[in-house]
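> Read left to right, the sequence shown gives residues 9 to 328 (this note's numbering).
Among the clues, some could well be false.
[Stated by the list, open to error] Simulated pairs of lysine-lysine, DSSO-like, Cα-Cα distance not exceeding 30 Å:
(1) K298 - K111
(2) K111 - K97
(3) K261 - K324
(4) K261 - K111
(5) K111 - K268
(6) K267 - K324
(7) K298 - K97
(8) K298 - K261
[Unchecked claim] Between beta-carbon pairs, the in silico distance windows are:
(9) S253 - K324: 45 to 51 Å
(10) G110 - S253: 27 to 33 Å
(11) V306 - P103: 28 to 34 Å
(12) F144 - P218: 16 to 22 Å
(13) Y316 - L270: 30 to 36 Å
(14) K298 - E96: 15 to 21 Å
What the hints contain is simulated information worked out from the structure, not anything from laboratory work. We treat Cβ as the ideally placed atom computed from N, Cα and C, and that holds for glycine.
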Amino acid sequence: MRNQVTDILNTELPAKGSSEKNVVPLARLITYLTLLRLPNLLTVPLDPVVGIMSLSADFSVETVGFPVMSVLLMYCAGLFLNDYCDREKDAAERPQRPIPSGKIEPLHVLRAGLLLLVAGVGAGCASGSLAGLTAFVLALMVLAYSYLHARHRFAGVLLMAGCRAGAILLGAAATGAIQTSAIVPASSHFVYILLLTLCAADEAKQHSLPFFLAISPLTALMVPMTFLPDSSNFMQLPAVMLLFSWIVLDTLKSANACKKQLRSVSEHIGTLVRNLIIVQGIWIVLYLEKPDAGTVAVVAGGVFFMRYSSELLSEKFSSS
């Protein structure tokens, strides 16, 4: 019996430097979750929801489920392709990443990324021809970013911002039209991600960020601020102001800690990424047609739950 147990352990537990095929299922799962930067996935589903709500569309599987699935699949694809294209750079700067550490084969990551990308376009097509076309363009942007971001930094910054803005437009496209009401939050997202990506340039080599640069993504909040409800709306205004205060204070606190080198640049970037959930919550509250106490409470509670869950996950998995 003792020999049998020993044989099982020797079969399931890989030795250091063992090949990918010998990795136990749990270790393989952790490898995938590391590739997917799990805390960041929670920042994705509400993007198309914002686009849908900007057009006051009815919620259904076609208008919500498929766009959310499409965006999530393409986001995951982008993360896989990003690690594949950055494998040589990561070997020098972040050897603990799954590919340079030998936990997974590069070609396996490439194949998985391409399959996820195709599946994402397929999910977009399920929402209609306009959504399918938008998903196809978004997939091309994901491919372009994965290939170009390390070679042409400015192009990479623009493409990254465009991808997140495109996620909102994909939600709008699922309703059959992309109108100005959807372009406005997409533009705000574009600015936020643009400035966030600039902060993240060479993050692995930086020990601190200039304070003004670390808080620069907050300028994107000027867009939703122009849509603040009037003071007679006793439900929307307090909820929006609470979310505004939350993201501003959280960003300032993180930026100050980064300036004093109490936390790394990567940790600050993770905070900025997770705070996208709060930005999405602001837009959703603003687009509520007939807000009541229950609806506003559900939105605010959902934002808090997703943001807090992302924070907890970041303690185990990298956000940046």
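> Checking each numbered hint in turn, tell me which of them this model violates, lowest number first.
1, 4, 5, 7, 8, 9, 10, 11, 12, 13 and 14
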